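Just so you know, the protein sequences line up as chains A and B, in that order. Numbering-wise, the first sequence is residues 1 to 220 according to my numbering. Numbering-wise, the second sequence is residues 221 to 476 according to my numbering.
Misleading hints may appear alongside valid ones.
Not everything, but these chain B residues come out facing chain A in the computed CB check (under 7 Å) [claimed, not checked]:
(1) Ser225
(2) Ile231
(3) Phe238
(4) Ala242
(5) Ile246
(6) Gln256
Straight-line Cα separation of at most 20 Å, EDC-like style, residue types lysine to aspartate or glutamate; simulated pairs [said to hold, decoys possible]:
(7) B:Lys384 with B:Asp352
(8) B:Lys254 with A:Asp144
(9) B:Lys341 with B:Glu415
(10) B:Lys263 with A:Glu137
(11) B:Lys254 with A:Glu137
I should point out that these hints are in silico values taken from the structure, not numbers from a laboratory. All values reported here derive from a predicted model rather than from experimental measurement. We treat Cβ as the ideally placed atom computed from N, Cα and C, and that holds for glycine.
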Amino acid sequence: MYIIEPIAFLIYVGALTFYAWKIDGTWRYKVLSGYYFLATVLLTWAAFIFYSSSTTRIYNILYLITSLGLSFYFFSLLRDRWKKNIAIISGLATLLYFITNTEEIYFDSIGHVIASTGIVVLIFLYLHQIMNNVTEEPLSLNFDFWYVCIQLMYHLGSFAIFLSYNHFTYRYFSAGNDIKEVGQMLTYLWGVHNVLLFLGSLITWSGLLWIVYRRRSTLL
Amino acid sequence: MDSISQEIYIIVIGCAFFLLVAIGIIFLVLIYQKRQLRYILEKRQLQNQYTEELLKTRLETQEQTLNMVSKEIHDNIGQLLNSSKILIGVAQRRLNTTEETLQTANETLGHAIQELRTLSKSLSKDWLEQFDLIQNLDTEVARINAADGIRLSVTHPSTLTMPKERQLVLFRIVQESFQNALKHSEARNIHIVIEQREGQLHAIITDDGKGFDPDPSRLGFGITNIKMRTALMGGTVQWNPAQPGTEVLIQIPING
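Isolated chain A (complex conformation) (with noise of 0.2 Å):
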């Protein structure tokens, strides 16, 4: 089941270096490649030493790299000086904590939902944009939009489960003879979440087809 993040990671580093390389080589498209590379390697780490020790750690640079990755792209993305502001608050704010925040715990619930709100926040700032400034462009050719749209649906989607799990993994290592059967259920937890990702991914590089598809039958 673990192994789905890192390769949801991967799809992810495909469709935005394709894009950088094909269609826009702006460099928001170019740092979102190389966050995503970054969290493939980080996770398929992760992946390989889950039975054997603690990726509390990787997962807590995880949500500072998204928080900072992301944060990079809406403040290129966002046009008004308040909200490329707001995204330089978002990332501060996440890297504030996760620097100040030296407790060894299993899972950092307040930083990833931290870093969540942070980009929710920002999501809303560009749906805000992109309603103020109406264009002729069709929003589905506009891949800026999909993405933002699969982030909306997987840090909304994610939410609850970022902010329960720390309490559901104390619950865990604190659970006596059936402990099995818990460990079961978080996987289940953490399954639903792995799923948002993946789908997500899979959502962007088939925006991504339908933008080059549609682009290559304007031109022709």
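Here the structure of chain A is known, so what remains is to put chain B in place on it, guided by the hints.
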């Protein structure tokens, strides 16, 4: 175990709820964008309709004015000149001598009457509607070439498939273009090319004059007229520098 599984089910339901909220938000944005786009397009369409109506009205007014001028030339000035020619003839007969100056004056007057008739015809919409663009252009070229100093030539296909009404507007555009060259560019030679290419009619007017000043503040009524008429026909007009002089390239869809 039971309580933890219940809690996990609640969380999964929470996830599904938030996911639905996210999907709902995306659909709302898409619907909003679609409605806004429809509103913008409708607004633009109304603006275009208004501009088109305005242009049509202005052109109709111009056509009416030209028609009126044509009638005035034919019915009033033409008649006055005819009377003058008859009176000169009577005077010649009374004098019983054919004074050379009087003879020349009579001939010049006859020539002027003929010129005025041709001019009156070229301004009259009724007359223009009876002929096609090619015939009108040939007549116009012959009229201009009759005067000394300017050499006007035209190359065109034998027939045009363009509707009569559009041919008339195009004729006015071409007429205005070479009149501009005659009046302002000090050209000695003007060449007009009419071509039909892939559903478009191209009219290229080239002169060997002093060139065209593209400064918008110095553009006259003639240029505005050309732009207006071309826009009304859904076409484009370009003024390109030529060596020497200017090339006016007009592209108009054959069927509007």
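Now the hints, each set against the structure:
1. Ser225: This hint holds: Ser225 (chain B) lies near chain A, its Cβ roughly 6 Å from the closest one there, short of 7 Å.
2. Ile231: 5 Å, holds
3. Phe238: Since the shortest Cβ distance to chain A is 4 Å, the answer is holds.
4. Ala242: For Ala242 (chain B), the interface hint holds, since the closest Cβ of chain A sits about 4 Å away, which is under 7 Å.
5. Ile246: 5 Å, holds
6. Gln256: 4 Å, holds
7. B:Lys384 with B:Asp352: Holds - the C-alpha atoms of Asp352 (chain B) and Lys384 (chain B) are around 7 Å apart, at most 20 Å.
8. B:Lys254 with A:Asp144: 17 Å, holds
9. B:Lys341 with B:Glu415: Between Lys341 (chain B) and Glu415 (chain B) the Cα gap is close to 25 Å, so the pair fails against 20 Å, i.e. violated.
10. B:Lys263 with A:Glu137: 17 Å, holds
11. B:Lys254 with A:Glu137: 11 Å, holds
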